[in-house]
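Trainee: The primary structure of each chain is shown beneath.
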Amino acid sequence: GIQVEQSPPDLILQEGANSTLRCNFSDSVNNLQWFHQNPWGQLINLFYIPSGTKQNGRLSATTVATERYSLLYISSSQTTDSGVYFCAVERDNQGGKLIFGQGTELSVKP
Amino acid sequence: EPEVTQTPSHQVTQMGQEVILRCVPISNHLYFYWYRQILGQKVEFLVSFYNNEISEKSEIFDDQFSVERPDGSNFTLKIRSTKLEDSAMYFCASTLLGVDTQYFGPGTRLTVL
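Residue numbers (my numbering), protein chains in the order written: chain A, 13 to 122; chain B, 956 to 1068.
If you're looking for bench data, these hints aren't it; they were derived computationally from the structure. Where is the CB? At the ideal position from N, CA and C, for every residue including glycine. Some hints could be false.
As the list claims (entries may be wrong) - In silico negatives: residues of chain B with every beta carbon more than 10 Å from chain A:
1) T962
2) T968
3) K1033
4) I1034
5) M1044
Unchecked claim - Coverage of chain B stretches by chain A, computed from C-beta distances (three or more under 8 Å per stretch; other residues unrestricted):
6) 969-981
7) 1019-1032
8) 1055-1064
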């Protein structure tokens, strides 16, 4: 099956710093989503981004489908950005089956 | 903004008991999913459901599991005889279209003793 690898596994930042999270996937996909799992365990949609670039406030994401990777940028990080960031992908004709990466655990220190 | 809701938020059960986890997807959505996350691990797909049928299921989704859409609003996951290893957070999700943003509910934390 498709492999999804996220890096780095852990990241510690000072408030105000910028960061880039990476997601590599091993096959072509028709769906890619980024999620933030907050300390209460909720999975919050950040982006639906099978290709191209999107921005939402301090967050932006880019997916280069032909090279099978996606990047999530967090600028001017805040303590509320702490949590685990997951990338999830779906291959064609898989009935909506999202395959998740292992996540990047981000800790933003005040 | 519409959201997916799940009940209960936390369920504790004895091994061997049946549990039903309930979800109310976003009202105009057509595709429904269940995922689970064992503590400290990644999220795993269980099953997808469309037009009152299972579209796709994982190897985790064995005969102990079943899904149902009993009415126009609820979507349920039943575990017939729970095992210790079923302890996990269970997430429901829904989408309007088949290939689209999946919106996740807040999860039900299942603890099997």
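Trainee: Evaluate each hint against the coordinates.
Mentor: Consistency of the hints with the structure:
| no. | hint | verdict |
| --- | --- | --- |
| 1 | T962 | 15 Å, holds |
| 2 | T968 | 19 Å, holds |
| 3 | K1033 | 20 Å, holds |
| 4 | I1034 | 19 Å, holds |
| 5 | M1044 | 6 Å, violated |
| 6 | 969-981 | violated (count 0) |
| 7 | 1019-1032 | violated (count 0) |
| 8 | 1055-1064 | holds (count 8) |
Hint violations for this structure: numbers 5, 6 and 7, all remaining hints satisfied.
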